[in-house]
Amino acid sequence: MIEITVKLFAQYRADHFKLEKRVYPKGTAVEGVIIETGIPIERFPIGVIMVNGRHFQESHILEDGDILSLFPKVGGG
Amino acid sequence: MSDKIYRVNMKDLSYKIEEVPEEWMGLGGRGLTSTIVAAEVDPECHPLGPNNKMVFAPGLLSGTIAANSGRNSLGAKSPLTGGIKESNVGGTSAGIFAKLGVKALIIEDIPEDDSTFYHLHVTKEHVTIEACPELVGKENFEVLDAMLERYDKKVAVMTIGTPGEQRMLISNISVKDPKGKLRSHGRGGMGAVMGSKKIKVITVDAEKYKETHLADPEKFKAANKIFTKALQDNPISGEGLPAFGTNVLVNIINEAGGLPSLNFRSGNSENAEEICGEHMAENIKERGGSTTHGCHAGCVIQCSQTYNDEEGNYLASGFEYEMIWAFGANFGINDLDLIAKIDNLMDDIGVDAIETGVTFGVAAEGGLLEFGDGETVYKILSEDVPNGTPVGRIIGSGAGNVGKLYGLVRVPVVKNQSIPAYEPRAIKGQGITYATTPMGADHTAGYAVATNILNSGGYIDPLKKEGQVALSRNLQIASAAIDSTGMCIFVAFPALDDPACLPALIDMINARFGINLTADDVTSLGARILKTEHEFNLKAGLTAADDRIPEFMKYEALPPHNAIWDFTNEEIDAFWDF
Ligand code: SF4
Numbered sequence: 001m002i003e004i005t006v007k008l009f010a011q012y013r014a015d016h017f018k019l020e021k022r023v024y025p026k027g028t029a030v031e032g033v034i035i036e037t038g039i040p041i042e043r044f045p046i047g048v049i050m051v052n053g054r055h056f057q058e059s060h061i062l063e064d065g066d067i068l069s070l071f072p073k074v075g076g077g
Numbered sequence: 001m002s003d004k005i006y007r008v009n010m011k012d013l014s015y016k017i018e019e020v021p022e023e024w025m026g027l028g029g030r031g032l033t034s035t036i037v038a039a040e041v042d043p044e045c046h047p048l049g050p051n052n053k054m055v056f057a058p059g060l061l062s063g064t065i066a067a068n069s070g071r072n073s074l075g076a077k078s079p080l081t082g083g084i085k086e087s088n089v090g091g092t093s094a095g096i097f098a099k100l101g102v103k104a105l106i107i108e109d110i111p112e113d114d115s116t117f118y119h120l121h122v123t124k125e126h127v128t129i130e131a132c133p134e135l136v137g138k139e140n141f142e143v144l145d146a147m148l149e150r151y152d153k154k155v156a157v158m159t160i161g162t163p164g165e166q167r168m169l170i171s172n173i174s175v176k177d178p179k180g181k182l183r184s185h186g187r188g189g190m191g192a193v194m195g196s197k198k199i200k201v202i203t204v205d206a207e208k209y210k211e212t213h214l215a216d217p218e219k220f221k222a223a224n225k226i227f228t229k230a231l232q233d234n235p236i237s238g239e240g241l242p243a244f245g246t247n248v249l250v251n252i253i254n255e256a257g258g259l260p261s262l263n264f265r266s267g268n269s270e271n272a273e274e275i276c277g278e279h280m281a282e283n284i285k286e287r288g289g290s291t292t293h294g295c296h297a298g299c300v301i302q303c304s305q306t307y308n309d310e311e312g313n314y315l316a317s318g319f320e321y322e323m324i325w326a327f328g329a330n331f332g333i334n335d336l337d338l339i340a341k342i343d344n345l346m347d348d349i350g351v352d353a354i355e356t357g358v359t360f361g362v363a364a365e366g367g368l369l370e371f372g373d374g375e376t377v378y379k380i381l382s383e384d385v386p387n388g389t390p391v392g393r394i395i396g397s398g399a400g401n402v403g404k405l406y407g408l409v410r411v412p413v414v415k416n417q418s419i420p421a422y423e424p425r426a427i428k429g430q431g432i433t434y435a436t437t438p439m440g441a442d443h444t445a446g447y448a449v450a451t452n453i454l455n456s457g458g459y460i461d462p463l464k465k466e467g468q469v470a471l472s473r474n475l476q477i478a479s480a481a482i483d484s485t486g487m488c489i490f491v492a493f494p495a496l497d498d499p500a501c502l503p504a505l506i507d508m509i510n511a512r513f514g515i516n517l518t519a520d521d522v523t524s525l526g527a528r529i530l531k532t533e534h535e536f537n538l539k540a541g542l543t544a545a546d547d548r549i550p551e552f553m554k555y556e557a558l559p560p561h562n563a564i565w566d567f568t569n570e571e572i573d574a575f576w577d578f
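First to last, the sequence lines map onto chains A and B.
Counting along the first sequence from 1, when you hit position 30 you're at 30 in our numbering, and nothing is skipped either side.
Counting along the second sequence from 1, when you hit position 280 you're at 280 in our numbering, and nothing is skipped either side.
Next comes chain B alone, as it looks inside the complex (with noise of 0.2 angstroms):
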């Protein structure tokens, strides 16, 4: 049976289920989000109005038994960076979509009785749309609660909190992942745009599924038994991100001078070894947490963990570098626990972790508090954002705005979304995908830090020009089709160093669909949807002028090897050239 379009109108209440049409067959996940956001979506709409749309869509092969294939991929107009966003989650969406026959879900316009929220309820055959006065106010991990007590429990579940239905540009979707925590659609203030839909929460049936279609099951599973050895045999994916999570990273950029810190004043950080995987490892290990966890079924990387305080009471789980950075680095927390602490209230709220993160550095930068005092972090994130006070209201607004407020200049920002865990200055490939990736500044886009500091996929001095702009551009086009498959990213790892890796991810997706894509299919793919999320921030009014990193980094050296940006705007927008 063929997989549907979902489309829900939320200003009448109705929904339709359609065929695919022709062109969006062979698309999934990024790839159908940014076509459908294109093609459906006035790039000069208001993010917040009636005419945009959210678009949900699992990956071409989430849904089958693939390793590590189960992201979900959101894709709008921001109403953080003004321009299109693809956001893409673990968790039990995807596969579940998958398996009904989701092939996207389309929400369109605003109700026109806007005194309360709704929920949708996703199952094969209808969508229920209706009001939930009960769930308004409530925060993520109760909303969580009351659908598992209301359906199955492999039920998947979308939510946002207050800061959501506050429309707060912080604000995030959370998806309840096989543990039944959470994982989330972090970046570009997806969670406003559910908010101003007036959508609380929407849940999909699991238990009507049926498993995903593969023509040519042999050729599937053959293929899978090699995807799933390149994984293992990788030594980052099969053995470094099991054993300390992600959060590995902070000693090796801390030591590459790369880690920004105190808003983006030192590329090193006093509190490194206090925050950093090893430590976290090891106190995983005394309090009887557990470093693997999956954030979906079938990841056999399992880079997230389950992280107590001393009592052996659960604090966090999904703990990630850049959480840890955010709060740890860039604000100057050195108490890892209470930055599990904030983690896990932040879970609750449904904020990102890096806007949230980044927007506090700042705050201080601007005297709101003082860096490091976590505690009122704590009670701002606790009281003031739900609550949406005046310093709630501040701190919801982003990294961007809160410059704006302060008059400052040192504003971590690229298309006004926060600057992640990566010094631009110090991993110039970095930076380049910061600046010219159409999401605004994002790590995931074009992850070149693996090339410029991890040796994988060679290597190329982070401190010299070089090269950058081709790194970048290689990766972000391969990132774009990997989006598209429903795979998480850190098959990047084995698939820039195993020449097994890709040709049998490719194989795959012909086994799950019966056709015969190339390497070279693919990378055209990810080159399309890179020039259609492109254009549309063109036609929605930004310009090369957005692609630039912020101009202090030019002029102030970051310690310790004393880095600026130092590139022009013509070779910066040379990466267009493709």
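Chain A on its own, in the form it takes in the complex (with noise of 0.2 angstroms):
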């Protein structure tokens, strides 16, 4: 197993947590994370995935100690 710290932000707080230590099964990609979380992403589309601050896809396979940080679509400026 594997352990990883997941952030959710903006519209993913409701309803859910702001930080979590996770545990997953060995070769779980981030995917398998936001479907185990159950948030709304119908509602609101993943906007921006990283892990360890760095940008990656919902495929990416996460190892032990990430963290992965979750966005919906958000901007400012």
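Hints are computed from structural coordinates only; laboratory data are not their basis.
Backbone N, C-alpha and C fix where the C-beta goes; we use that ideal spot for every residue, glycine too.
It is possible that some hints are incorrect.
So these bits of chain B aren't anywhere near chain A, every CB distance computed over 10 angstroms [as the list claims (entries may be wrong)]:
| hint | residue |
| --- | --- |
| 1 | E108 |
| 2 | P111 |
| 3 | E112 |
| 4 | P217 |
| 5 | N313 |
| 6 | G367 |
| 7 | L368 |
| 8 | G372 |
| 9 | P386 |
| 10 | N387 |
| 11 | R393 |
| 12 | V409 |
| 13 | L454 |
| 14 | E551 |
| 15 | D566 |
Each computed DSBU-like pair below joins lysine-lysine, with the alpha-carbon atoms no more than 35 angstroms apart [to be verified]:
| hint | chain 1 | residue 1 | chain 2 | residue 2 |
| --- | --- | --- | --- | --- |
| 16 | B | K4 | B | K531 |
| 17 | B | K464 | A | K26 |
| 18 | A | K18 | B | K341 |
Two chains, two separate frames, one set of hints: put the complex together.
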């Protein structure tokens, strides 16, 4: 098993959490975490995925100790 | 009836209303202000002397029903950067200028008798210029109240506080918004230019205007519908900005390691969770403020908000990411309410959030005060700055000058203007914009954050050099064109991702004026504006050596990614190959 620190932002926080350490089977991709957390990606599609502060795709395979940050589409300026 | 140029001369307190020269006809907003400044202002003039001019111009679509079209541009030579400046603002001035038929308001020279300040009132037929000794020494909200007492409540108001009167480089020009609060022509020390011309306040008559004339009203309406829909359907402009405001950026920029903290020592801030947009939205919900509010009529995005304290009393509105970053992450105040209190004070006295915040960061580095000491900031801004004490003058002189006074190396400025809320080392496309824009470090000139961090308009790795110069160039050209339309910068998000958005915008311009611009024409307009501005700067004495990121960023690695600024001069200078 691997331990991942999952951080949620903007609309994903409502009814969920800000930050949690969660355990997943080895070989879990970002996509697996997205589904498992049940964040509302239909209403608010994924905008940005970061692992340890770098951008990745949903297919990226996570490693033990990774910090995964999930954002819907956000912007400003 | 055709629009006119209103030209005021402060030396003899006279005015003229002139026909619009042929070559200025198709221009508005930034395109017009930069063209006029380049044509009429001696690039070598002292920005606070008689030969500088202030040029106000509403955007091409301002005054129409087009969504988000109410931005007003102000051009001049900047006393902060020594180069050309265009600073645009929401509020009600653009719409009223446009409806009155004011294509541009040009203000020249300086009064012979400089013992008092003046009030300019612009109506369709006249400009009255009268001394206003009763307003001297007053701050913005008091001036605003005095104007609302005297005129129709819709009157447009542009005013300076005491920092502008004292020609401080952090001073801005404040503009009334539809709710009677203030927005600002923030950057570049524009308040100092207005102060140098001895103008305290400009009002524009909102009683006798006509609706703007549309060459093809049907076509205009149809295009506006498509355009509005593009803004509303886009997840950023339609959902994220109304729900969280621009401050939603604190967390994502922090996560990416690009949130400049404690005077640009780190790309992460310990305070992020305290000051972030999510926390702010929670507070607003609990305390009964409002997350949605437009800075001008016709805004369908409504990124602005009203923020109250725990008792439900008003603290601030238009509480933006830049302000919260500058004082929260970069200066280190971990209390959102105190930052809001400072924000409201800064609206009242009229100083730029970014320049002032970064200046306090540099001053803390120099030992004038401690990082995070918001109470002292409040005291300096409420007492020293208005009274022009030596400490007030030091802070009022901006980050670059404070760095020199204290003998510092870590001074985050480009062309002497403070770097905003995105670290150039960790968001390199944004760094190219800071280095090359003729405006001095300015994030809105070419918002590469969109593509480096937010996955808007594709994705280019923020920590790598590849593709950044071209990205910044394309964005700067597009922004120069958008700044000419009167549209707010957030139109850029749907424009980057929704193919229906830009054609609809161009259709509206065509339907307004009865012309046939193509997308290529708009791009070449943007390119021409940039080149005009760049040429002005070269004639003013700026060189390629001014298109540079501060040297410390080349050898101080920025945590958490240990990023350095690694572009060669040749790579940066290639920006201008177009
Ligand atoms: S989106 Fe924000 S900045 Fe743009 S016009 Fe609306 S309130 Fe003003």
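- Task: Return the numbers of the hints above that this structure violates; sort them in rising order.
- Result: Of the numbered hints given earlier, the structure breaks just one, which is hint 13.
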